[in-house]
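If you read the sequences in order, they're chains A and B. Each number in my numbering comes from the position in the first sequence (counting from 1) with 1165 added on. Each number in my numbering comes from the position in the second sequence (counting from 1) with 86 added on.
Simulated from the structure, these hints should not be mistaken for lab results. Check the hints yourself; a few may be wrong.
20 Å max Cα-Cα, derived SDA-like pairs, lysine to any residue [what the hints assert, rightly or not]:
#, chain 1, residue 1, chain 2, residue 2
1, A, K1206, B, S173
2, A, K1206, B, D115
3, A, K1206, B, S98
4, B, K102, B, E130
5, B, K189, B, E130
6, B, K189, B, D115
7, B, K189, A, Y1266
8, B, K124, A, E1224
9, B, K89, A, T1243
10, B, K89, A, Y1266
11, B, K189, B, S98
12, B, K189, A, T1243
13, B, K124, A, V1168
14, B, K189, A, S1174
15, B, K124, A, L1211
The model shown is predicted, which means the values in this text are computed figures rather than measured ones.
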Amino acid sequence: GAVVSQHPSWVICKSGTSVKIECRSLDFQATTMFWYRQFPKQSLMLMATSNEGSKATYEQGVEKDKFLINHASLTLSTLTVTSAHPEDSSFYICSADVSAYNEQFFGPGTRLTVL
Amino acid sequence: AQKVTQAQTEISVVEKEDVTLDCVYETRDTTYYLFWYKQPPSGELVFLIRRNSFDEQNEISGRYSWNFQKSTSSFNFTITASQVVDSAVYFCALNAGYSSASKIIFGSGTRLSIRP
């Protein structure tokens, strides 16, 4: 099946700094990628839908100026958490749409801890 | 509105017992996909099954089985002869619109603990 990677797998940063998380499709091209956030002991909540070459579509309540998404190529989408604060500490998971299979494949996730 | 409800927050059973995880969904779409995912402590989602709205046949895969009933909007998951390795959080999910480019809506998850 299709493989999606995320980098880094975990990151610790100081409050006020920005963190970039990468989501790559390794053996296929993905026009559409999704970013989810999961707080401890909670479910996955969709943050935004990222389409290659266009602006991301954010879910209600997600600050687009704080969570910058760039999908500049068919194999890479990035999520930048700007001016991170402790409440942004979470598990961030991306998924990529493989239209040929009509399926989404999930990355392994990135655990962000903001001190 | 689209919604997935997993009423069981936590379940704990002794090894070798059978256990059923419940899932009820809501959607106005006539075409959709339903999923089950397993999330072990590592956090990585493990895909278990995808079922489309036109296929109500029950499915069995080893110790796992799924019962899809459109009449009650349910998609329940049963583990037979549970093992300690089955301990994880299980998510039921819905992808309405019959396209993988549509968003997936997750239930709140059921934390399953299998005691030796």
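(Q) Need the list of violated hint numbers for this structure, in ascending order. (A) 2, 4, 8, 9, 10, 11, 14
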